[in-house]
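Colleague: Taking the hints into account, I'd like the entire structure generated from these sequences.
For the record, the sequence lines run as chains H and E. Counting with our numbering, you get residues 36 to 268 for the letters of the first sequence. Counting with our numbering, you get residues 10 to 169 for the letters of the second sequence.
One or more hints might be untrue.
What the hints assert, rightly or not - Just the calculated beta-carbon pair ranges, DEER-fashion:
(1) E:P38 with H:H111: 23 to 31 Å
(2) E:L35 with H:R110: 30 to 38 Å
(3) E:R25 with H:V56: 52 to 60 Å
(4) E:P75 with H:G235: 26 to 34 Å
What the hints assert, rightly or not - Some but not every residue of chain E turned toward chain H, in silico, with C-beta under 10 Å:
(5) L21
(6) E26
(7) S41
(8) V44
(9) A53
(10) A66
(11) P67
(12) P77
(13) G86
(14) W93
(15) R97
(16) G99
Hints in this document: simulated from the structure, not taken from any laboratory. In this text, a Cβ means the ideal position worked out from N, Cα and C, and glycines have one as well.
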Amino acid sequence: MKGPRPNTGSDVSGTSPSLLVRAREQDPDAWGRLVSLYTPLVYGWCRRAGLTEMDAADVCQETFCKLVQLIGEFRHEPGRSTFRHWLRTITWNQLRSFARREERWPHGIGGNDALEILRQLPAKEDEEQEALVREHQLLCWRAAELVRRNVEDKTWSAFWRVTVEGEDPVRIAFDLGLTVNAVYIARWRVLKRLRGEFAGLIDFEAARDATGPPPQQDRPSPPEASDATGSFL
Amino acid sequence: MRPAHSSEPANLCPSREHLATFAENLLPPDASQAVIEHLATCPACQASLHTLDDETAPFLATLRHPAPADPHSEEAGCRLAEDWTRARLGDPTLTPLPSPQRLAAPGNRPAGESPIPRRLGQYQILEKLGQGGDGQRVQGAAHPPEARRGAESAGSPQAE
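Modeller: This is the structure in structure tokens:
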């Protein structure tokens, strides 16, 4: 067995601080997991804004560096402000900074058109609603993958088959050489970990990200948001 | 190996509210343990719990459907973004996540380190130079974009 992993033992106990809390404390492992979780979103926003792959990768890492500085300011208010929205605002600001740099020093090779990028950003905001469902689903899948890495295969398999696949727990127990009791402990443990680790990041309970309107008002604004429209528009 | 059922007689079924609280991981450990022991012997409560999942854990329904198509996350640039960011933040150890389609297969763990493409667009990828730190630009993986900008601002556009 590699590393400290929960076993498929007979008790249910223990929890650890959420990824958000650990990231605020500058825990490197937490940051690694945050990067794994959110890179596709940030990178995808950059690509959809019109950046080349290389420039999107560049703005992506700049965004995470900004996030390191700002994460202490994020306050999760269920139903009002989501981490995803907040991160998106930071990304938008980085995109605007990028476009301003491109205006000054256009490299002209990658096909980026700074003015076009800036013009399109407000229109891209309108796509928000359509993107919500897909991005929430993507986050759920990636969160599940992150948790799967930290539990034993048997535990994951028991959880997956009893909750996602909806299989008969007696059959699962038989297949995996577990007790039915252990199947439900695995279920409890994985769900607990998912909810605990991603508390404040992903709304697992009500899927508001996926169905509700985006919290346009009252979301925390990172610095630079006030001058975000810039003089290019 | 036969699944071992509890030899104790099944307790009274928990109320729907109690089961829902359990499903939301909101019961304390000892109460959760009691519900689990009951579940192991009670097919009716097993079925109820599965039904409750739709209310208490909608994300499980999300996982029952295929992961959404996300073509950008399959691009080499996305891998590079993750590598750069991790290097910049000083944690180069984590491997990138595989595509979600591989998630459901038990034992299908991500295989080792992410392959960094040897070439991306006009960029020749060099070897990893070292680990990033505070205030440092990305080191290693590729020509850092600032080198490109620096070259251009000095009047020498980088050749294809």
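Colleague: Next step is simple, just say for each hint if it's right about the structure.
Modeller: Outcome of the hint check:
1. At roughly 25 Å, the beta carbons of P38 (chain E) and H111 (chain H) sit within the given window of 23 to 31 Å.
2. A hinted range of 30 to 38 Å for the beta carbons of L35 (chain E) and R110 (chain H) is inconsistent with their spacing of about 23 Å.
3. Roughly 33 Å separates the CB atoms of R25 (chain E) and V56 (chain H), a value that falls outside the hinted 52 to 60 Å.
4. For the hinted restraint 26 to 34 Å between P75 (chain E) and G235 (chain H), the CB-CB distance of approximately 27 Å keeps it satisfied.
5. For L21 (chain E), the suggested interface contact is broken, since its CB lies about 17 Å from the closest CB of chain H, more than 10 Å.
6. Because the beta carbon of E26 (chain E) sits about 16 Å from the nearest beta carbon in chain H, more than 10 Å, this interface hint is broken.
7. Below 10 Å, beta-carbon pairs count as interface contacts, and S41 (chain E) has one with chain H at about 5 Å; its hint therefore holds.
8. For V44 (chain E), the suggested interface contact is upheld, since its CB lies about 8 Å from the closest CB of chain H, less than 10 Å.
9. Because the closest C-beta pair between A53 (chain E) and chain H is about 13 Å apart, greater than 10 Å, the hint is violated.
10. Interface hint at A66 (chain E): satisfied, since its Cβ lies 7 Å from the closest Cβ of chain H, which is below the 10 Å cut-off.
11. For P67 (chain E), the shortest C-beta to C-beta distance to chain H is roughly 4 Å, which falls under 10 Å, so the interface hint holds.
12. Given hint, P77 (chain E) at the interface with chain H, holds; its Cβ is 4 Å from that chain's nearest Cβ, closer than 10 Å.
13. Given hint, G86 (chain E) at the interface with chain H, holds; its Cβ is 3 Å from that chain's nearest Cβ, closer than 10 Å.
14. Interface restraint check for W93 (chain E): the shortest CB-CB distance to chain H comes to about 4 Å, inside 10 Å, so the restraint holds.
15. The restraint placing R97 (chain E) at the interface with chain H holds, with a minimum CB-CB distance near 5 Å, inside the 10 Å limit.
16. The beta carbon of G99 (chain E) is positioned within 10 Å of a beta carbon in chain H (closest approach about 6 Å), and the interface hint is therefore held.
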